[in-house]
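Fit chain B to the known structure of chain A by using the hints.
Read top to bottom, the protein sequences are chains A and B. Letter by letter, the first sequence follows residues 1 to 519 of this note's numbering. Letter by letter, the second sequence follows residues 520 to 878 of this note's numbering.
These are computed hints drawn from the structure, not numbers from a lab. One or more of the hints may lead you astray.
Covered by chain B, according to a simulated footprint, are these stretches of chain A (three or more residues, beta-carbon under 8 Å) [claimed, not checked]:
hint, region
1, 199-207
2, 217-229
3, 437-444
In this text, a Cβ means the ideal position worked out from N, Cα and C, and glycines have one as well.
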Amino acid sequence: MKKCEDTGYQAVRWNEPLIFELGKKGRRGFDVPRSSEELKESVGDIKSDIPESIRRKDPPGLPELTEPEVLRHFIRLSQQTYGTDSGINAGVGTCTMKYNPKINEKLARAAKLAHLHPDQEEETVQGILEIMYRLKQWLCVISGLDEFSLQPRGGAHAVFANATIMKAYLQARGELEQRNEIITTVLSHPCNASSPGVAGMKILSLYPDEETGIPSVEALKEAVSDKTVGMMITDPYDTGVFDDNITEYIDIVHDAGGLVAIDQANANCILGKLRIGDTGADLCHFNLHKSFSTPHGSCGPGSAPIGAREELAEFLPTPLVEFDGERYYLERDRPKSIGQIGSYYGVVPNAIRAYTWIMTTGAEGMEEVSEIAVLNSNYLARKLIKIKGIDLPWFDSHPLRMQEGRFTVEKMKEDTGIGIADVNRRIVDFGIQRCFTSHEPWIVPEPFTPEPTESVSKEDLDRFAEIFQRVSDEAYNNPEIVKDAPHCCSISKVDLGPATDSEKWATTWRAYIKKRERD
Amino acid sequence: MGGRVGLKGTDGAQIKEKAIRLGATKRSPPRAVEALREIALMKDDIDLVTYPHEMGENEAIECGFSPRVIGSVESGSTTAEDTKRAAREMADLEVDMILFAGGDGTARDICEAIDQELPVLGIPTGVKIHSSVFAVNPRKAGRLAVDYLRGEASLKTAEVMDIDEEAFRENRLSAELHGYLKIPFEKRLVQPTKSASSPGIDEESNKEAIAEYVVAEMDDSIFLLGPGTTVKAVADRLGTEKTLLGVDVVNQDEILARDVNEDEILELVKGKDVKIVVSPIGGQGFIFGRGNQQISPEVIKQVGRDNIIVIATKSKLSSRKPGEPLYVDTGDKDVDEMLSGYMRVITGYQEEAVVKVSR
Numbered sequence: 001m002k003k004c005e006d007t008g009y010q011a012v013r014w015n016e017p018l019i020f021e022l023g024k025k026g027r028r029g030f031d032v033p034r035s036s037e038e039l040k041e042s043v044g045d046i047k048s049d050i051p052e053s054i055r056r057k058d059p060p061g062l063p064e065l066t067e068p069e070v071l072r073h074f075i076r077l078s079q080q081t082y083g084t085d086s087g088i089n090a091g092v093g094t095c096t097m098k099y100n101p102k103i104n105e106k107l108a109r110a111a112k113l114a115h116l117h118p119d120q121e122e123e124t125v126q127g128i129l130e131i132m133y134r135l136k137q138w139l140c141v142i143s144g145l146d147e148f149s150l151q152p153r154g155g156a157h158a159v160f161a162n163a164t165i166m167k168a169y170l171q172a173r174g175e176l177e178q179r180n181e182i183i184t185t186v187l188s189h190p191c192n193a194s195s196p197g198v199a200g201m202k203i204l205s206l207y208p209d210e211e212t213g214i215p216s217v218e219a220l221k222e223a224v225s226d227k228t229v230g231m232m233i234t235d236p237y238d239t240g241v242f243d244d245n246i247t248e249y250i251d252i253v254h255d256a257g258g259l260v261a262i263d264q265a266n267a268n269c270i271l272g273k274l275r276i277g278d279t280g281a282d283l284c285h286f287n288l289h290k291s292f293s294t295p296h297g298s299c300g301p302g303s304a305p306i307g308a309r310e311e312l313a314e315f316l317p318t319p320l321v322e323f324d325g326e327r328y329y330l331e332r333d334r335p336k337s338i339g340q341i342g343s344y345y346g347v348v349p350n351a352i353r354a355y356t357w358i359m360t361t362g363a364e365g366m367e368e369v370s371e372i373a374v375l376n377s378n379y380l381a382r383k384l385i386k387i388k389g390i391d392l393p394w395f396d397s398h399p400l401r402m403q404e405g406r407f408t409v410e411k412m413k414e415d416t417g418i419g420i421a422d423v424n425r426r427i428v429d430f431g432i433q434r435c436f437t438s439h440e441p442w443i444v445p446e447p448f449t450p451e452p453t454e455s456v457s458k459e460d461l462d463r464f465a466e467i468f469q470r471v472s473d474e475a476y477n478n479p480e481i482v483k484d485a486p487h488c489c490s491i492s493k494v495d496l497g498p499a500t501d502s503e504k505w506a507t508t509w510r511a512y513i514k515k516r517e518r519d
Numbered sequence: 520m521g522g523r524v525g526l527k528g529t530d531g532a533q534i535k536e537k538a539i540r541l542g543a544t545k546r547s548p549p550r551a552v553e554a555l556r557e558i559a560l561m562k563d564d565i566d567l568v569t570y571p572h573e574m575g576e577n578e579a580i581e582c583g584f585s586p587r588v589i590g591s592v593e594s595g596s597t598t599a600e601d602t603k604r605a606a607r608e609m610a611d612l613e614v615d616m617i618l619f620a621g622g623d624g625t626a627r628d629i630c631e632a633i634d635q636e637l638p639v640l641g642i643p644t645g646v647k648i649h650s651s652v653f654a655v656n657p658r659k660a661g662r663l664a665v666d667y668l669r670g671e672a673s674l675k676t677a678e679v680m681d682i683d684e685e686a687f688r689e690n691r692l693s694a695e696l697h698g699y700l701k702i703p704f705e706k707r708l709v710q711p712t713k714s715a716s717s718p719g720i721d722e723e724s725n726k727e728a729i730a731e732y733v734v735a736e737m738d739d740s741i742f743l744l745g746p747g748t749t750v751k752a753v754a755d756r757l758g759t760e761k762t763l764l765g766v767d768v769v770n771q772d773e774i775l776a777r778d779v780n781e782d783e784i785l786e787l788v789k790g791k792d793v794k795i796v797v798s799p800i801g802g803q804g805f806i807f808g809r810g811n812q813q814i815s816p817e818v819i820k821q822v823g824r825d826n827i828i829v830i831a832t833k834s835k836l837s838s839r840k841p842g843e844p845l846y847v848d849t850g851d852k853d854v855d856e857m858l859s860g861y862m863r864v865i866t867g868y869q870e871e872a873v874v875k876v877s878r
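Isolated chain A, as found in the complex:
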């Protein structure tokens, strides 16, 4: 208990104005020297090539700052952020926020790579193509599927591509007219419903049973029909429960003439333990920015390769990276492919990071990653469920969980009025990352979803649990301190009102000025 207080955590707080409010007229970072007359003469009038219609009448409204002012501003912002590199990040389940080894970064930022151009002739980029080809081969080995495309830029993009592949496959079989329904489970990542929805298909969601926490086989039987395109689910769920009906689901959907795609975005408990291709699934995707230790990059650039078994490989998005025994090349001539779904090769730096991680971790190492991630998660779970006000739904049927678990503070909220939003605002006072709650809809009320991954130490897990114990004690004895939290962070409790009021919020300085002037 005392340990939390002893940390003396106090985030940097600068009250830094927006960069647009900084600076003074006339300040400059550095002066660009004037061109010599000789140079001017030889280059000629470079401005005349710019059409009148796109020329600025006025200079852009940028703040005028010196170099130290700019540097100071961004250093301060970086000091006010929090992440895996600065402290315990065990709470962001579904995201697999593991420590990303710096050697991955070092290689991804190598000068040689920075100087590559995506339009270069294939002969001149054999090295990077070889890395991508070998990464693809590894992913086939890890998933048990036959072919991989590195094209998708994120999980939802990959699921959309898989839904499109299902449609292309049915079209080739002449069944697309008849079939338009995708079956998913409500505890799957919501993109398993929304991506095929965007692709124009009707979505059927299976709900978990009260006792088992997973949908029943009977529910799926009710859902399948001659209209079924396929099933798209995440397994394991973010509740940390592995849906062990999966092989039965696959048989049922196959019997109905549909396909099955399993979302392996977060595969951090099954790497080296289970190959989704061996279950009979047709398609899958991995998020390199989760299990394979590349940065999430805040909505990009992610990378989510999709894998297919042989029969579906011809539909994968192009280009595929191939090797003819002598040279590596990008294969574009694939008539049944759903086509190119992003520019150029894919996210090359992430391919390098993931390849580096696979090569440095090794096959046995990857198995160990899964084991330690699951062990850490269950060690933490044992501590959390002993804390007053915290429960783990479906505990009786699933006392052990995979690499994460979805807990609830519903009891705490009933007893004290302190809900998960309050708890999350308070735990950050102790220098840890807040927890992810849950995707919508909240089947589990007042949820939080810790996922320690393999890279959090036992001491850090103990401390994480101690902090929850402390916040629970506060909720039951001194709730105001939790209600008013955070107290030690860069920003205090935020009034969310203006952020959700379209009359007030602005995502750019220009929009802010416009809205303010209107008032």
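Chain B in isolation, oriented as in the chain A frame:
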């Protein structure tokens, strides 16, 4: 006040007397106090208006309020009429919200007096709580009221339901939908503050999406539209006026009959292709048997399971205990049996849930 002596509610003066003779004590006052204590935190910021004596004054004073007392009652024998008058007079004073302690009977009285004129919230102290206008417990009622008064809660419409007590004492449960009240609810995702005066935007647009899909899929069958706001959205989409509490019959966008009873339905469905559109009513998730008894076992049998279209918003489905099924209680074992198992529920445009249905 009848709960602890097993009278299943105390509507009507006679039953109330019997309850008192059997040794019932009022459980409303302590529970109302429990709720008011939560609100007492902000007592300097609000004006509390109350009816006299046991209708709130006593409890308010116990919690340290200096309430403004209006109206007059005969202490010791207050009636439903007093409740209605109190609600009416408070509405006329344009209070921000009305907090009441009671059960379904009280909720009905208030609904009758002020309908959806202003926000109302129930502190559950009665035996019968079938209405969705109550907080889960008194403390939560207090907290929710505070959140609302601080502008941190939204408003939604919620069902006022009541069972026929006479039937209930004979062990038949027959709940009817009596109307709607506007109640505050906790915003989990913060919604625009400007919309705090209107029902939750997401819930409404979810209903519209459901309605749009149901209408897009409509064939030339005769449709029985059940009670409730979710089904009403379907009628709105068709451009027809819907009886909120009753069952209406439509064919395409033409209204064939309004607020029909069982016999009228049976007459209309004879030998025709018929579909039923229903939504689970209230917090307990009954598809049939609560508030829509006009759609009787006989009607359901004739229409058939495959022609029943169940619709529900996503928040309604997920507001239940994790994995809890929906229920049917038509009064006919065979029909309940037929309806049990897994059913498709429309939850959005081209979106359905497959949900367990239990007897």
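I'd like to know which numbered hints this structure contradicts. Please list them from smallest to largest. none
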